[in-house]
Amino acid sequence: MRKLNSLTVCVVLTFLLGIVGLLADQVAPYDPLNTRMFRGLQPPSNVNLMGTDQLGRDVFSWVVYGIRTSLLVGLSSATMAVALAVIIGLLSGYKGGIIGNVLMRVADVFLSIPRFMLIIVTVVLLSPRISNIILVIAMFSWPEAARVVRSEVLSIKEREYVMAAKALGSRDLDIMITEILPNTTPTILSLWTLIIAEAILTESALGFLGLSDFNYPSLGVMLMMAKNAIFVGGWWVLLFPSITLVILILMFNFLSDKLIERLSPRLG
Amino acid sequence: MRELISVFYRFSIRLLLLIPVVLAVITIGFVLMKLFPGDPAVLLAGEAASPQYIERIREIYGLDKPVWEQYLLYLERVMMLDLGYSLSYKRPVLDVILTRLPYTVILAISGLSIGLILGLFLGIISAWYRKKLISPIINSIAFIFYSTPVYVIGQFLIYYFAITYRVFPVGGVVTIGVEHRNFYTYVLDVLWHLTLPSLTLGLVFMASYVKLTRSSFLEVISSSYFLAARSMGLRNSTLLFKHALRNAIIPVITLAGVQLGMLIGGVIITESMFSWPGIGQLTMEAVSTRDYPLLLGIFIFTSIAVVVINAIVDFIYSIIDPRIKDRW
Amino acid sequence: MKPLLEVRELTVAYRVKGAMKYAVKDVSFTLNEDEVLAIVGESGSGKSTIALSIVGALPENAVVVRGKILFRGIDLLKLRPSERRYINGKEISIIFQDPITHLNPLRKVRLIFKDLFEDHGVEFNIQGVLELLRRLKVPDPQRVLESYPFQLSGGMAQRVFIALALVLNPKLLIADEPTSALDLTIQAQVVRLLREVRENFRVSMIMITHDIGVATSIADRILVMYDGGLVEEGSPDDILLRPKSRYTASLVNSTKALYKGVMSWTY
Chain A
1 MRKLNSLTVC VVLTFLLGIV GLLADQVAPY DPLNTRMFRG LQPPSNVNLM
51 GTDQLGRDVF SWVVYGIRTS LLVGLSSATM AVALAVIIGL LSGYKGGIIG
101 NVLMRVADVF LSIPRFMLII VTVVLLSPRI SNIILVIAMF SWPEAARVVR
151 SEVLSIKERE YVMAAKALGS RDLDIMITEI LPNTTPTILS LWTLIIAEAI
201 LTESALGFLG LSDFNYPSLG VMLMMAKNAI FVGGWWVLLF PSITLVILIL
251 MFNFLSDKLI ERLSPRLG
Chain B
269 MRELISVFYR FSIRLLLLIP VVLAVITIGF VLMKLFPGDP AVLLAGEAAS
319 PQYIERIREI YGLDKPVWEQ YLLYLERVMM LDLGYSLSYK RPVLDVILTR
369 LPYTVILAIS GLSIGLILGL FLGIISAWYR KKLISPIINS IAFIFYSTPV
419 YVIGQFLIYY FAITYRVFPV GGVVTIGVEH RNFYTYVLDV LWHLTLPSLT
469 LGLVFMASYV KLTRSSFLEV ISSSYFLAAR SMGLRNSTLL FKHALRNAII
519 PVITLAGVQL GMLIGGVIIT ESMFSWPGIG QLTMEAVSTR DYPLLLGIFI
569 FTSIAVVVIN AIVDFIYSII DPRIKDRW
Chain C
597 MKPLLEVREL TVAYRVKGAM KYAVKDVSFT LNEDEVLAIV GESGSGKSTI
647 ALSIVGALPE NAVVVRGKIL FRGIDLLKLR PSERRYINGK EISIIFQDPI
697 THLNPLRKVR LIFKDLFEDH GVEFNIQGVL ELLRRLKVPD PQRVLESYPF
747 QLSGGMAQRV FIALALVLNP KLLIADEPTS ALDLTIQAQV VRLLREVREN
797 FRVSMIMITH DIGVATSIAD RILVMYDGGL VEEGSPDDIL LRPKSRYTAS
847 LVNSTKALYK GVMSWTY
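Chains as they are written, first to last, in the working numbering: chain A, 1 to 268; chain B, 269 to 596; chain C, 597 to 863.
By construction, these hints were calculated from the structure, which means they are not laboratory data.
Straight-line C-alpha distance at most 30 Å; calculated DSS-like pairs for lysine-lysine:
id	chain 1	residue 1	chain 2	residue 2
1	A	LYS258	C	LYS613
2	B	LYS399	C	LYS617
3	B	LYS400	C	LYS674
4	B	LYS302	B	LYS358
5	C	LYS617	A	LYS258
6	B	LYS399	C	LYS621
7	C	LYS613	B	LYS479
8	B	LYS400	A	LYS258
9	B	LYS479	A	LYS258
10	B	LYS400	C	LYS617
11	C	LYS674	C	LYS598
12	C	LYS613	B	LYS399
13	C	LYS840	C	LYS617
14	C	LYS686	C	LYS664
15	C	LYS733	C	LYS704
16	C	LYS613	B	LYS400
17	C	LYS664	B	LYS399
Values in this document were obtained by computation on a predicted structure and should not be read as measured data.
Could you build all of it, start to finish, from the sequences and the hints given here?
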């Protein structure tokens, strides 16, 4: 009889959301971008489960597609960022030397600049297409992750089994892959989920500011509509996307915390 | 005397280390400028400019010269605090930025203070009473706030306190059309307008501070020196304030210092939500009016500001923390 | 002569991952005034747990299952923390292994003394502290008072700690492995110092150590512990020359082997 612990619940919920996102076409009753089907600003009803916004778009469908967009952006950018971070972190941590230091200096510069400003500037420069957004988020997420990976690598490097492998004459590449990488897995997974959470946050923030790809409904865009909708009583435009967004972000933050907790080998 | 010399030494070293980073920032700015679509001269002069003006711009910025010469020219201009000319405001970029800067600073400081105070308070309670029910409640609430985007918090606050209950204004710095007879009423009006935005920011920050304070505090409580202090029969208040708190606060204050720097460039969303006329809103204006010189100027300014503030915070630390003091 | 400290059937366990691990099993002993008692055993024998139980500094997952610790008639285990603090530091004090980590790194030594005085309602007597430090062979006590703990050497820090423990004239001083984290030469100094403390101050001591040599050079009586239980009790001579249990004998023999048969441990 498996214990119903919080981690299981969280993973299950996340999977469910993922499936909703994947099957958005089937789950959503109407085309979210269609502004001609319904009247504007209708409260939740049998026809529109979550009501409509000022432009007559069905909020429920928008939310469903919004989940898909968020997950799409989140997963892609996080995976790219983490992949890059792991490579750079491993190299600079294990090999060290000039290259390692230079890479870290570069990462430091990225970290000093206010991240969101940079993202906005870059998105404005390039056109706000979904692929650009994913790239930009990934580009500005890897430095911090790389730092974390590097410090992990540095501490693992000093452990006995690595020293043993070195003494036995294994090649650097082999050591990195077989000894160090497996031990950084909890951190890497935890970072990955954390960046997903951050990416979803950023993606919806861009949507809120009107800088997202119009073909991909973003939860942030609906919240931008809510900015005005609440003045005329359209509380549903604020409530439903908000709850969805918070749940999404919360799930990944939670996963990130728990992954590190559960997977890290207990010392002593 | 020796103390003074080491302080000076530490200050100059930090100043020196700043230079490469600032240089890197300026370079990135230059690269970005080169990446802007379209003819840079037209961009800088504005689309409605006359051909002669565009030519002049080309001369001034040396746009017909090789890239590295352009870079040096650019560097020179930035060093002389010339960040370009804003198209939409028809004023030097630096001017525009400096006029708006105080608003952002006020918002940043108030938001951070609220977050810090709330976070410290709740974090300590959560740690001190960790066996009681209140602790997981505080932690869960903090976690939820941590996962909530700033515009969601802000919108809810607006909905309840500005629309439904009409306690606070929806935005702006001062009530429009009101003549303030004296400075006092002016300040009150500003504060009234400041409440919701800084509260929004504060709640966002509170979440991360609660977490940090709690873990830092717990670490201190389980440390050897705390155990020894307890065994010496010290009073609870002494233990709390003179031993636990002082040590636990340090990482939190560090974070606050770093975040203050970040805030200068980053309160974009909050400002646009509440129509707060700071640098964040300026950024959005620049985006919508395609005022590239302004955008670039803001970017350079805020990045350098962050770097400088971080260096200052670092420097102050080296003076205060007795453990680092001796290192140099 | 009424005993100063009486420990009766003390049983302490630690809650580890749901299970109870017993660290101290049914231990009883007494300590008289002006007496020095040494508790000897290997790591995990429970000796530190006894010390922590006396001062009420057990970790959160510790449970006192049974027993009494009577100090001048009062059962220490029944005291609330607010009542405990009148005894800790003033009547009973404790010094730990690794003195530097046991002192607040961000607090000047002088202020730590000040805290101690003020919280026990005694006026801060700085001259007395300086005098005490001098007697404990601390060179330049003025400078030491103005330093931060991390600036002191191991031996110096331990002296400061001993001073903190003695300054309010306690009746009982507990030393929990006071020499283990120090270099050998410093160890010898600290042991010598503790012997002098014993002679010059009227304080009873409980010395907790894994080193029989240290124990025999300072104690009037020795308690040998193994796996939470009291194995043997006797004078240094009894323990060394006429060990009654096999464990004690092996303990003595292994130590003897290290010192190549030298019977008098000179410290």
